[in-house]
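Use these hints to put chain R onto chain H, whose structure you have.
Taken in order, these protein sequences are the chains called H and R. In this text, residue positions in the first sequence follow our numbering: the first is 795, and each later residue adds one. In this text, residue positions in the second sequence follow our numbering: the first is 2, and each later residue adds one.
Worth double-checking, as some hints may not be accurate.
[Stated by the list, open to error] Lysine-lysine pairs mimicking PhoX-like chemistry, simulated, CA-CA at most 20 Å apart:
#	chain 1	residue 1	chain 2	residue 2
1	H	K838	R	K59
2	R	K70	H	K846
3	H	K832	R	K102
4	R	K50	R	K70
5	R	K70	R	K59
[To be verified] What the simulated footprint calls covered on chain H by chain R, stretch by stretch (three residues with Cβ under 8 Å from a Cβ of chain R suffice, anywhere in the stretch; the number is not a length):
#	segment
6	830 to 844
7	884 to 898
Hints listed in this document are in silico derivations from the structure and should not be mistaken for laboratory results. By construction, the Cβ of each residue, glycine as well, lies at the ideal position given by its N, Cα and C atoms.
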Amino acid sequence: DAMVIQNPRYQVTQFGKPVTLSCSQTLNHNVMYWYQQKSSQAPKLLFHYYDKDFNNEADTPDNFQSRRPNTSFCFLDIRSPGLGDAAMYLCATSRRGHHETQYFGPGTRLLVL
Amino acid sequence: AQSVTQLDSQVPVFEEAPVELRCNYSSSVSVYLFWYVQYPNQGLQLLLKYLSGSTLVKGINGFEAEFNKSQTSFHLRKPSVHISDTAEYFCAVSGKTSYDKVIFGPGTSLSVIP
Chain H
795 DAMVIQNPRY QVTQFGKPVT LSCSQTLNHN VMYWYQQKSS QAPKLLFHYY
845 DKDFNNEADT PDNFQSRRPN TSFCFLDIRS PGLGDAAMYL CATSRRGHHE
895 TQYFGPGTRL LVL
Chain R
2 AQSVTQLDSQ VPVFEEAPVE LRCNYSSSVS VYLFWYVQYP NQGLQLLLKY
52 LSGSTLVKGI NGFEAEFNKS QTSFHLRKPS VHISDTAEYF CAVSGKTSYD
102 KVIFGPGTSL SVIP
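If we strip away everything but chain H, and leave its shape as in the complex, we get:
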C-alpha cells in the first residue's frame, strides 16, 4: 500500500545534541509537510516543500532545518534541541495543488533529556 513512513517512531536525544527525523513516502506526491504537535495541542506547520522549493513558516525557529534530497524522502533536523522541542513530529504529503487532501505518517515522538 502507498503510504507515508516515519522513522524512528520514538527518538530520545540529549539537550543540545543534534537530531534528525526522517520521512519517506511511496505516494509520489510533490508536496511534503512537517508539523510539530506538542502535548494536547493542535499540529502546527513548521515548513513544507513544493518539489524542491522550501517554504518556511514565519514563526518556525532557526533551530529547525529541513532537507529533501529527492521526491521520496524528507528530513527534519533540529540543530540544538531544547526541552521545549519535545513533541510529536508529523510528516504529511499531498499532490501539488491539492493541499486539502494530506496524508499523514504515524509521527515521531521526540523526547529531550
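Same frame as chain H, now just chain R:
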C-alpha cells in the same frame, strides 16, 4: 487568515449514545473544512472534508458533518458511538488556493464509556 475554535476540550459519552463535536471557524474568504481523528501515538487520519456542494458531508466510520455558512460552523456527529471511537478529534480549515495551509483547531478528546 483563518482560525478554528473547538468549544469542548473533552467530551465523555456512553457507548451507543449519539455525539456531537462542535467546531466554529473564522475566515474572510471561502474555505475548505475538515475533521481529522488521531488515535493515541498515531498520525492524523482524515474523517471527512467539505470542499463545496452539499452541506451535509458523510465520512468514514459512520461520522458526518454539516457545513453552516451563516453560523460559520462545521459540527461533527455520529448517531451511535463505539469504544473504538475514543480518540482526539481535530477540526481544520484552509483557504482554497494552493498556497493556503491547513489550520487545525485545538482538538476535542472523545472518551466513550462502556
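Verification of the supplied hints:
This hinted pair does not check out: K838(H) and K59(R) have alpha carbons roughly 26 Å apart, beyond 20 Å. Distance check on the hinted pair: K70(R) and K846(H) sit about 37 Å apart at the alpha-carbon level, beyond 20 Å; violated. Between K832(H) and K102(R), the direct Cα distance comes to roughly 19 Å. Compliance with the 20 Å bound is thereby established for this hinted pair. Using a Cα cut-off of 20 Å, the hinted pair K50(R) and K70(R) holds, with the two alpha carbons roughly 15 Å apart.
A threshold of 20 Å between alpha carbons decides the hint, and for K70(R) with K59(R) the separation of about 17 Å falls inside it, so the pair holds. Proximity of the segment 830 to 844 of chain H to chain R, defined as three or more residues with a beta carbon under 8 Å from a beta carbon of that chain, is established by the 7 residues found. For the segment 884 to 898 of chain H, the assignment as covered by chain R holds, since 10 residues bring a beta-carbon within under 8 Å of that chain's beta-carbons and 3 suffice.
Violated hints, in rising order: 1 and 2; the structure is consistent with all others.
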